[in-house]
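First to last, the sequence lines map onto chains A and H.
In case it helps, this note's numbering puts the first sequence at residues 1 to 111.
In case it helps, this note's numbering puts the second sequence at residues 112 to 324.
Think of the hints as simulated: they come from the structure by calculation, not from any bench.
These numbers were taken from a predicted model, which means no experiment stands behind them.
For every residue, glycine included, the Cβ atom is placed at its ideal position computed from N, Cα and C.
It is possible that part of the hints are untrue.
Here are some, though not all, of the chain A residues that point toward chain H, as calculated from beta-carbon distances under 10 Å [to be verified]:
1. Y26
2. A29
3. T37
4. I41
5. A54
6. Y73
7. R81
8. P94
9. L101
10. D104
Take a look at the letters that make up each chain.
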Amino acid sequence: MSEKETLQPAASSVAHVREARERIPYLVAFAILIVLTLVEIGVARSGGIPHRAAVVALITIAIAKAALIALFYMHLRYETRILKLTVLGPLVAPAVYALLLMLDAARRHAP
Amino acid sequence: MSNAVASEHGHPTVAWPPDAQYGMATPGKIGMWIFLISDAFSFGGLLIAEGILYAGRHPWRQPGEPELGIFFTAVLTFVLVSTSLTNVLGWAAAAAGRRKQAALLLGLTAFGGVAFLVGQFQEWFGIRGHGLLREGLVFGQSPRASTFYVITGYHGLHVLIGVAYILAILVGYLRHRVTERQIELLGLYWCFVDFVWVFIFSFVYLLPSLSGA
């Protein structure tokens, strides 16, 4: 048996292990997304959480879920810093605008 | 220019050179990201409009209007998140040269997209039982109803286009006309649909439900 023939199955096995390892972040992100969705439903349906705390929790969880999708499933985690800034920079503006509107609404409706 | 087109015109096929700022990201990928950012502004505008209307209207849910089915929508969320996983695994399989697995995973993604659309149809019109429309959530009769149908409808349109996009890429892939780079671009679009749904689920379904809407 030549050296090449001896090494080929091992190399194939290494490739399979590497491919399997590359899939782990996607599967972990999926599991976290499902858990966070269940937590969201729990927060929305429990009734025992103060309203403002529930609002903050739901918005925080939504941002965390969106970040997981963008970083792992949309591969933003593996892009250059400039591309990350190109994408995330403009998205900050509507988020800040929405936050200001929510704070304004909370102030106007405060007892 | 794709490698196939480049070859047809007598140009040598070359790998995209790494850029100092954008690394290995191709013009196609940067273009897709720019499109997705602009699309995110559309959704952002709709969600902010809903927030402004919500803040100025008490009660948000008008008498006679039905409650939104949060548990049913949670199942749709599970379906959509699952399709993001199958999509990215499909791309990984294509990148590794496992063509059958890649095609199967892309097919599953399209199937999940169709399942989501069927679920949304059920929610609006009711395949089994009454849909929201017949239960009294009528477009134009309240800000809650109008924003609900506009936002979920706009998202549903994205899912529909996404399913057509997946099927077009899948057919091209089976005919060896599509590379894993094009599958990655498709993945950016499809996962963006999931990305946006995360906010729709929170802002349209969950947050208003805290005050009984």
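A quick look at each hint next to the structure:
no., hint, in the structure
1, Y26, "holds (5 Å)"
2, A29, "holds (8 Å)"
3, T37, "holds (6 Å)"
4, I41, "holds (6 Å)"
5, A54, "holds (5 Å)"
6, Y73, "holds (4 Å)"
7, R81, "holds (9 Å)"
8, P94, "holds (4 Å)"
9, L101, "holds (6 Å)"
10, D104, "holds (8 Å)"
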